[in-house]
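Engineer: Using the sequences and the hints, build the whole thing.
Number of protein chains: 2
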Amino acid sequence: MTLTLPPAVSPPRRVLMGPGPSDVSPRVLAALAAPTVGHLDPYFLRIMDETQKMLRTVFRTSNELTLAVSGTGSAGMEACVVNLIEPSDRMLVCVNGVFGGRMSDVAGRAGANVTKIERNFGEIFPPNEVAEAVKRVAPKVVGIVHAETSTGARQPLEEIAKAVHDAGALLLVDCVTSLGGIPVEVDAWQLDAVYSGTQKCLSCPPGLSPVTFGPRAIAAIDRRRTKIASWYLDMTMVRNYWGQDRAYHHTAPINMNYGLHEALRIVLEEGLENRFARHARNHKALKAGLKALGIEYSVAEPNQLPMLNSVLIPSGVDDLAVRKQLLAEFGIEIGSGLGPLKGKTWRIGLMGETSTASNVLLFLAALERCLAGQKSNGAGVAAANAFYAS
Amino acid sequence: MTLTLPPAVSPPRRVLMGPGPSDVSPRVLAALAAPTVGHLDPYFLRIMDETQKMLRTVFRTSNELTLAVSGTGSAGMEACVVNLIEPSDRMLVCVNGVFGGRMSDVAGRAGANVTKIERNFGEIFPPNEVAEAVKRVAPKVVGIVHAETSTGARQPLEEIAKAVHDAGALLLVDCVTSLGGIPVEVDAWQLDAVYSGTQKCLSCPPGLSPVTFGPRAIAAIDRRRTKIASWYLDMTMVRNYWGQDRAYHHTAPINMNYGLHEALRIVLEEGLENRFARHARNHKALKAGLKALGIEYSVAEPNQLPMLNSVLIPSGVDDLAVRKQLLAEFGIEIGSGLGPLKGKTWRIGLMGETSTASNVLLFLAALERCLAGQKSNGAGVAAANAFYAS
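Going down the list, the protein sequences come from chains A and B. In my numbering, each number is its position in the first sequence, counted from 1, plus 1. In my numbering, each number is its position in the second sequence, counted from 1, plus 1.
No lab work stands behind these hints: they were computed from the structure. We treat Cβ as the ideally placed atom computed from N, Cα and C, and that holds for glycine. Be aware that one or more of the hints could be misleading.
[Said to hold, decoys possible] Taking lysine-lysine and the DSS-like style, the derived pairs with C-alpha atoms no more than 25 Å apart in a straight line are:
| id | chain 1 | residue 1 | chain 2 | residue 2 |
| --- | --- | --- | --- | --- |
| 1 | B | Lys117 | A | Lys228 |
| 2 | B | Lys163 | A | Lys228 |
| 3 | A | Lys228 | B | Lys141 |
| 4 | A | Lys117 | B | Lys228 |
| 5 | A | Lys136 | A | Lys117 |
| 6 | A | Lys292 | A | Lys343 |
| 7 | A | Lys141 | B | Lys228 |
| 8 | A | Lys117 | A | Lys141 |
[Unchecked claim] Covered stretches of chain A, going by a simulated chain B footprint (3 or more residues, C-beta under 8 Å):
| id | stretch |
| --- | --- |
| 9 | 94 to 108 |
| 10 | 300 to 313 |
Structural biologist: So this is what it looks like as structure tokens:
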């Protein structure tokens with residue numbers, strides 16, 4: 002009992018340009034610090050209702066079962082999988098990065114009979130490849146990642162959704178990194194179950210996972226013969242708390258939900274189209290600057306995600322030394338490569354609040370400093386400024 | 002897309018005297034609002050280390066595997082169950098309230114062969130009853146609730162732990178409501194796996210679940226032949242993130258962990274013994290006041306929890322009307338009965354920050370007002386004041 006107490010929390014200032022969390026607005030931080038009320042307080046029930054409505058707008062869906070799971074994005078992934086999958090159900094998982102691989106692992110643990118189709122990290126799946134696999138495997142559920150946070154690749158979904166539905170299967174989509182940064186059209190594309198995270202383009206701290214389930218997914222849940230493997234993530238109970246019954250299930254993370262509420266207000270104040278345009282613009286400026294420094298993307302141009310710029314580390318450059326210097330001298334966090342890309346790529350996030358011209362210019366200027374010896378003539382900043390001026 | 006934005010979060014002031022969440026210190030709210038950093042930032046890793054050390058002190062354990070699960074108390078329950086249980090493992094669950102019942106449900110979903118022993122809501126289990134069941138069932142794991150939030154009953158654990166270990170089984174204990182309010186002696190009592198919540202006697206908002214696993218539990222996890230059913234709650238991976246490897250698993254809820262860090266600092270500044278004494282004292286004062294109003298506890302005296310006072314609603318009193326009036330006129334939240342106690346009991350929480358003489362007196366005064374017509378002569382307040390003066 003002779004523990005010396007640590008000092009109070011007092012984090013250093015960071016510019017969060019990694020794969021998430023992204024920078025958080027002071028408005029969201031202030032909302033987090035609003036006084037806690039009970040999880041069945043009429044005031045909190047109103048916050049839940051308002052959050053659901055805003056989430057439906059952001060997901061572009063009318064799905065009633067749209068809510069924030071009480072865990073981070075991976076809990077949302079698990080929630081989608083375990084609600085749709087019963088033991089021995091066939092699931093096809095498209096793996097072209099760490100998060101597709103994770104989904105396959107989650108599905109196996111849920112008792113699914115998993116078939117994987119694979120592409121190299123950074124590539125995407127052509128619709129016909131998925132269609133053929135769906136015909137061959139005849140799965141109940143097909144899982145795919147819209148925005149692979151590990152590779153920076155953007156997977157088109159519309160044609161794949163058609164092929165999946167033609168075969169009578171359900172499409173489960175990881176939109177952790179895409180939601181709020183590029184269009185996620187749940188209804189127009191007919192996505193059946195979708196999960197996201199709060200700490201990417203919504204710019205709320207991590208801790209909740211927005212999910213939405215469409216009518217086909219709900220019908221599959223209602224037809225289950227077995228109990229959902231996870232009590233905590235069982236949507237048949239969670240929906241009674243978020244729905245009109247208000248039946249107590251678990252105690253919701255009250256203050257995290259305050260934060261998400263404010264983050265969604267900020268997203269909708271800006272407007273989704275404006276937000277997508279801002280993400281695209283800052284991505285292009287960053288790319289112009291990186292190009293001037295001779296730094297190439299690890300993903301083919303048409304498939305590049307604007308909010309997660311995965312670039313090849315120039316040869317001869319010390320990955321860790323540069324990341325440490327960026328953090329120590331400028332407070333800038335960027336991400337390392339994951340899996341087979343470790344040591345080969347950097348992941349530069351321009352998500353939500355982080356996606357600003359100031360951050361693009363600061364990052365390019367700071368990176369030139371860290372690469373000094375290789376190249377430091379202001380070319381990156383000049384190219385980005387030229388893009389912004391054009 | 003023509004959603005009218007809701008107003009910003011602005012919760013009413015409450016006195017949280019229900020079964021949790023409890024009142025949160027402004028210091029904890031301020032910590033929640035500290036700037037977000039990355040989940041692998043050296044600063045956040047330090048916060049994790051400090052949090053683990055403080056959690057070990059609060060749990061009174063040297064267990065290395067002591068950390069905060071990224072979900073609320075029910076996620077902690079599920080984490081303990083799914084890590085210890087493999088399909089067909091026998092588990093004995095002691096059910097004398099809603100949370101024992103929940104544990105049995107969670108265990109069944111994890112594939113356990115579950116045997117329940119049951120007691121009426123509000124009763125506790127004599128050690129010999131558990132010992133006999135353990136001999137009969139020969140389970141791998143025995144699950145029991147230390148402080149039943151649904152009934153207000155306190156379950157002694159030390160003798161039960163001996164009986165469980167004599168039979169070669171593991172003891173899994175729900176300390177959601179007890180931790181920080183009454184002694185939880187993980188090492189001295191030899192509890193093998195324990196989970197708690199942040200929103201009870203630790204007075205942090207809900208969103209994390211402190212857990213600790215002892216050497217027997219870790220050995221059982223290391224001996225598993227099957228993968229843990231939940232990826233999100235898989236301690237073999239989570240411990241590599243909280244441990245020295247710092248291997249990325251999921252993105253931790255950064256700001257919630259800031260809040261827990263500050264809440265634990267407050268707990269340890271006060272000191273555990275002082276904190277237990279405060280909880281006991283305010284409980285006794287409340288009880289003296291309630292007695293003067295003719296209100297009886299639903300639990301036998303020796304088994305009453307100081308932080309959760311479960312009392313019988315006086316006959317002729319409208320449960321919902323009184324709770325609504327307490328909330329509307331005084332901002333006081335108390336809890337209704339759960340399960341078979343619905344409509345029969347109130348649950349009056351005096352947890353953590355909420356456990357003060359001011360709240361005891363305010364509550365008694367407010368309750369007398371709500372019961373006016375039955376009784377309103379200041380007797381409750383007078384009795385509590387007499388207790389405090391004695």
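Engineer: Each hint should be assessed against the structure and marked as holding or not.
Structural biologist: Hints, verified against the model:
1. Distance restraint check for B:Lys117 and A:Lys228: the Cα-Cα separation of roughly 19 Å lies within the 25 Å cut-off, and the hinted pair is therefore satisfied.
2. With a CA separation close to 34 Å, the supplied pair B:Lys163 and A:Lys228 exceeds the 25 Å bound.
3. Proposed proximity of A:Lys228 and B:Lys141 is supported: the alpha carbons are some 23 Å apart, at most 25 Å.
4. For the suggested pair A:Lys117 and B:Lys228, the alpha carbons sit about 19 Å apart, so the restraint of at most 25 Å is met.
5. Restraint check for A:Lys136 and A:Lys117: satisfied, since their Cα atoms lie roughly 14 Å apart, inside the 25 Å limit.
6. Among the hinted pairs, A:Lys292 with A:Lys343 is consistent with the structure: their alpha-carbon atoms are about 21 Å apart, no more than 25 Å.
7. Annotation: proposed proximity of A:Lys141 to B:Lys228 holds, straight-line Cα distance about 23 Å (limit 25 Å).
8. At roughly 14 Å between alpha-carbon atoms, A:Lys117 and A:Lys141 fall within 25 Å of each other, so this suggested pair holds.
9. Counting residues of the stretch 94 to 108 of chain A whose beta carbon lies closer than 8 Å to any beta carbon of chain B gives 3, which reaches the threshold of three, so the coverage claim holds.
10. Coverage of the stretch 300 to 313 of chain A by chain B is violated in this model, with 0 residues showing a Cβ closer than 8 Å to a Cβ of that chain against a need of three.
Comparing the model with each earlier hint shows violations of hints 2 and 10; every other hint is respected.
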